[in-house]
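Taken in order, these protein sequences are the chains called A and B. Count the first sequence with the working numbering and you get residues 4 to 330, in order. Count the second sequence with the working numbering and you get residues 4 to 330, in order.
Keep in mind the hints are simulated off the structure, nothing from the lab. Careful: at least some of the hints might be erroneous.
[As the list claims (entries may be wrong)] Now the stretches of chain B that chain A is said to cover, found in silico as 3 or more residues with beta-carbon under 8 Å:
#: 1; segment: 130-139
#: 2; segment: 198-210
#: 3; segment: 304-312
[Stated by the list, open to error] To give an idea of the chain A side of the interface with chain B (calculated C-beta under 8 Å), a few residues:
#: 4; residue: 93
#: 5; residue: 97
#: 6; residue: 100
#: 7; residue: 102
#: 8; residue: 146
#: 9; residue: 156
#: 10; residue: 164
Quick reminder that beta carbons are idealized off the backbone N, C-alpha and C, glycines included.
2 protein chains.
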Amino acid sequence: MAALSTPAELAPVLEAGGVELSRLMHRTESRLAEVAEGHGANLAGHAAGTLAAGGKRLRPLLVFLCAAQGPPTLPAAVAVELLHMATLVHDDVLDRAELRRGRPTVFSEGGREAATATGDLLFSRAFAELTATGSADAVRVLSMASEGLVRGELMQRADAWSADVTPERYLERCRLKTATLFEAACRMGALLGGEPAAAEALGRFGERIGLAFQLLDDVLDVSGPPERTGKPRGADLVDGTVTLPLIIARTRDPELAELDLRQAAIGPARAAAVCDHIATSGALGEVRAEAFHQVAEAKAALTGLELPDSRRRALNLVADGVVERHA
Amino acid sequence: MAALSTPAELAPVLEAGGVELSRLMHRTESRLAEVAEGHGANLAGHAAGTLAAGGKRLRPLLVFLCAAQGPPTLPAAVAVELLHMATLVHDDVLDRAELRRGRPTVFSEGGREAATATGDLLFSRAFAELTATGSADAVRVLSMASEGLVRGELMQRADAWSADVTPERYLERCRLKTATLFEAACRMGALLGGEPAAAEALGRFGERIGLAFQLLDDVLDVSGPPERTGKPRGADLVDGTVTLPLIIARTRDPELAELDLRQAAIGPARAAAVCDHIATSGALGEVRAEAFHQVAEAKAALTGLELPDSRRRALNLVADGVVERHA
Numbered sequence: 004m005a006a007l008s009t010p011a012e013l014a015p016v017l018e019a020g021g022v023e024l025s026r027l028m029h030r031t032e033s034r035l036a037e038v039a040e041g042h043g044a045n046l047a048g049h050a051a052g053t054l055a056a057g058g059k060r061l062r063p064l065l066v067f068l069c070a071a072q073g074p075p076t077l078p079a080a081v082a083v084e085l086l087h088m089a090t091l092v093h094d095d096v097l098d099r100a101e102l103r104r105g106r107p108t109v110f111s112e113g114g115r116e117a118a119t120a121t122g123d124l125l126f127s128r129a130f131a132e133l134t135a136t137g138s139a140d141a142v143r144v145l146s147m148a149s150e151g152l153v154r155g156e157l158m159q160r161a162d163a164w165s166a167d168v169t170p171e172r173y174l175e176r177c178r179l180k181t182a183t184l185f186e187a188a189c190r191m192g193a194l195l196g197g198e199p200a201a202a203e204a205l206g207r208f209g210e211r212i213g214l215a216f217q218l219l220d221d222v223l224d225v226s227g228p229p230e231r232t233g234k235p236r237g238a239d240l241v242d243g244t245v246t247l248p249l250i251i252a253r254t255r256d257p258e259l260a261e262l263d264l265r266q267a268a269i270g271p272a273r274a275a276a277v278c279d280h281i282a283t284s285g286a287l288g289e290v291r292a293e294a295f296h297q298v299a300e301a302k303a304a305l306t307g308l309e310l311p312d313s314r315r316r317a318l319n320l321v322a323d324g325v326v327e328r329h330a
Numbered sequence: 004m005a006a007l008s009t010p011a012e013l014a015p016v017l018e019a020g021g022v023e024l025s026r027l028m029h030r031t032e033s034r035l036a037e038v039a040e041g042h043g044a045n046l047a048g049h050a051a052g053t054l055a056a057g058g059k060r061l062r063p064l065l066v067f068l069c070a071a072q073g074p075p076t077l078p079a080a081v082a083v084e085l086l087h088m089a090t091l092v093h094d095d096v097l098d099r100a101e102l103r104r105g106r107p108t109v110f111s112e113g114g115r116e117a118a119t120a121t122g123d124l125l126f127s128r129a130f131a132e133l134t135a136t137g138s139a140d141a142v143r144v145l146s147m148a149s150e151g152l153v154r155g156e157l158m159q160r161a162d163a164w165s166a167d168v169t170p171e172r173y174l175e176r177c178r179l180k181t182a183t184l185f186e187a188a189c190r191m192g193a194l195l196g197g198e199p200a201a202a203e204a205l206g207r208f209g210e211r212i213g214l215a216f217q218l219l220d221d222v223l224d225v226s227g228p229p230e231r232t233g234k235p236r237g238a239d240l241v242d243g244t245v246t247l248p249l250i251i252a253r254t255r256d257p258e259l260a261e262l263d264l265r266q267a268a269i270g271p272a273r274a275a276a277v278c279d280h281i282a283t284s285g286a287l288g289e290v291r292a293e294a295f296h297q298v299a300e301a302k303a304a305l306t307g308l309e310l311p312d313s314r315r316r317a318l319n320l321v322a323d324g325v326v327e328r329h330a
């Protein structure tokens with residue numbers, strides 16, 4: 004049976020979900036491995052490496068937790084993770100990233116061509132997988148989310164090194180680039196798993212925890228520590244990605260306010276020092292507070308729903324888990 | 004009404020298809036324009052430019068010609084063209100291509116980021132469009148074709164500058180990178196347009212004319228002339244793409260047999276001279292013969308089918324059109 008890569012902070016969720024949830028997560032892992040291996044020598048290595056590199060599998064988990072019956076949602080759980088990976092592989096090409104989750108990226112191992120193709124393949128595979136559900140609604144939900152991801156990614160690049168990113172614009176970017184896929188996972192779970200009437204509320208739940216997830220990612224980029232996050236502090240600063248911690252810190256710290264955000268100005272060496280400044284400004288607490296606020300809104304979206312206690316508990320645990328983590 | 008960009012050699016096909024076919028092609032063009040415009044300022048420009056740059060719209064045409072009833076196949080016609088464009092946009096990123104069809108590429112206008120994102124967006128849009136058909140079979144056919152395109156593209160890059168490409172391997176690459184999408188267009192037309200029993204035979208028809216199409220493309224790359232094809236002769240040689248004209252010519256011309264295929268060896272300046280050598284060897288006639296053979300097989304695939312005369316005539320005209328062209 005394929006090993007699960009779910010991190011420790013989500014263990015209570017698996018516990019709350021019981022044997023059935025663990026079984027579904029194992030089946031997802033096996034199917035992801037099958038999909039990766041079914042592509043001939045050229046691609047199999049890259050796709051398999053990407054999938055084996057793990058990740059939290061948070062999106063498949065959400066698909067299952069939003070479904071009354073898990074098994075019909077299995078292809079959606081696999082599809083949402085494949086789409087997530089497709090975008091990571093393409094992002095790594097654009098960022099010329101050498102490492103992801105401590106492993107060489109497809110880009111660094113195979114070059115631009117192989118990585119672009121592997122991403123395209125994972126995209127196609129995501130939609131192929133989803134057709135097993137026979138649901139045009141699910142395909143529509145996933146393709147809309149996919150558009151959101153692309154638009155979010157473009158927005159991030161358009162706003163690189165910009166001193167004019169407002170908190171509102173930052174949040175809209177997070178919604179597009181992260182929250183849409185969390186929302187899609189929840190919606191597909193509800194639609195395919197026998198809870199169509201709850202799709203709207205569960206979609207809102209997903210969107211909110213997606214926002215919280217991204218907010219916390221951006222906090223961790225500043226606070227580290229690298230031993231736990233697996234990447235150097237201030238990677239966003241080096242890439243020119245202007246996040247809420249920096250936006251808030253600049254309103255409080257005159258030195259940061261005068262900081263030239265252009266790439267030349269912040270190399271990896273200076274990034275850690277700027278991170279210290281941001282942390283000292285108190286901005287991180289404010290961003291964490293915003294993340295907790297989003298989690299509270301996510302939980303509130305569930306209140307009107309009739310859900311079995313174990314699923315409600317598991318969903319609440321996921322919501323807490325996205326902000327109470329260190330990597 | 005949106006203008007059609009169907010080239011002159013396909014005019015008889017539109018004539019054979021009558022008012023209904025022209026109407027469907029116009030609706031496809033309008034819908035493509037709508038899809039391109041619906042993406043916010045960031046993307047709309049790039050996507051619209053790509054779509055407006057035209058192309059033969061051969062794949063949508065095939066969708067309609069393989070259908071007994073055209074209107075239900077409209078989303079498939081739009082989707083197959085969107086997918087085709089997505090792959091072109093990504094190919095241009097990988098090739099760092101400045102021009103396509105005489106216009107600046109998304110890559111040259113917007114850079115790698117915008118072009119990768121625009122391609123991803125067109126991919127997503129293709130599948131979103133197809134869900135309007137409500138047919139999981141159609142989504143499956145398109146996603147399988149999409150995989151074929153990716154694998155063909157990778158195979159082409161893996162075989163770049165290789166002196167060991169056999170005719171069989173070349174044909175397999177053409178099948179993957181070109182014929183699968185022609186086949187998918189025909190299959191989707193049959194499945195959605197009320198001809199499911201004919202899907203197999205029409206799919207084979209599509210595959211064969213796809214092969215013929217690629218064979219002729221590879222002849223035109225050698226023979227030009229550039230005033231008609233819109234690109235310099237020998238672009239494949241410069242890119243390192245080893246095609247059948249070169250493979251055959253190397254078995255006949257000792258000078259070509261000794262040619263070093265590595266990139267450094269054939270710059271744009273030398274490419275035209277090598278093209279002359281290939282043409283003199285008689286290889287082009289042989290490749291044309293192979294293309295005509297594929298067209299004959301395509302037509303043979305139709306013989307067992309009961310088709311109205313006008314559609315059979317139109318399909319045969321498309322088959323002839325893919326080899327009797329100069330651009």
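For each hint, the structure was consulted:
no.	hint	result
1	130-139	holds (count 9)
2	198-210	violated (count 0)
3	304-312	violated (count 0)
4	93	6 Å, holds
5	97	5 Å, holds
6	100	14 Å, violated
7	102	20 Å, violated
8	146	4 Å, holds
9	156	6 Å, holds
10	164	14 Å, violated
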